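S.K.: If you read the sequences in order, they're chains A and B. Residues 2 to 113 in my numbering are what the first sequence lists, from first letter to last. Residues 77 to 184 in my numbering are what the second sequence lists, from first letter to last.
Don't read these hints as lab results, they were simulated from the structure. Fair warning: there could be bad hints in the mix.
The calculated lysine-lysine pairs, modelled on DSS-like cross-linking and capped at a C-alpha distance of 27 Å, are [said to hold, decoys possible]:
#	chain 1	residue 1	chain 2	residue 2
1	A	12	B	155
2	B	176	A	58
3	B	121	A	58
The model shown is predicted, which means the values in this text are computed figures rather than measured ones.
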Amino acid sequence: GAGVSQSPSNKVTEKGKDVELRCDPISGHTALYWYRQRLGQGLEFLIYFQGNSAPDKSGLPSDRFSAERTGESVSTLTIQRTQQEDSAVYLCASSLVLGEAFFGQGTRLTVV
Amino acid sequence: RKEVEQDPGPFNVPEGATVAFNCTYSNSASQSFFWYRQDCRKEPKLLMSVYSSGNEDGRFTAQLNRASQYISLLIRDSKLSDSATYLCVVQAGTALIFGKGTTLSVSS
């Protein structure tokens, strides 16, 4: 596709359930980022993938959060045992040139 | 201390005004710097990179002062369409660290 694609665009889940968010990066982009943006807040870095290197997981807020990426393709962000404070927009971005990140439209997660 | 700090605003200016945003960062090892723009309920988009020598793109001018760990963005001749939140972004290691943004509202 032409841009970064994220699915679902909206997700409502019950507290305690697991959710999986998907990101399709721009073809050929070696770097992929996940961010979280709570309402009215800035972007919070979660995780970074670069090619086949070990990911930078330093931003993951707890062990309930994990992410996978195979090579330079699709990435999934999984949140286990969701809590209300996990409610946010989860943004994925891909990049070929350092710092020039292209964002998807995000997944709006609501935990009820 | 927050890694990237910005005045949240809002900055309310009339069309045609010149407005400047400032940003400071805490990690002296930061390597690259950017300004992104985020419209309401939309994803962020790259506005411009910031180079040590300063750079200009049309009505937008970005400056970097490494000694003071300070970045600025100047917008000349503001347009209604410039209304958005402007995000200061610093690359430290592998992560891109975003400031919380400065909100600009341009009115006619």
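S.K.: Give a verdict on every hint.
M.R.: Hint-by-hint comparison with the structure:
1. Annotation: proposed proximity of residue 12 of chain A to residue 155 of chain B is violated, straight-line Cα distance about 36 Å (limit 27 Å).
2. Simply put, residue 176 of chain B and residue 58 of chain A have alpha-carbon atoms about 21 Å apart, close enough for the 27 Å limit, and the pair holds.
3. At most 27 Å may separate the alpha-carbon atoms for a hinted pair to count; residue 121 of chain B and residue 58 of chain A meet this at roughly 23 Å.
Hint violations for this structure: number 1 only, all remaining hints satisfied.
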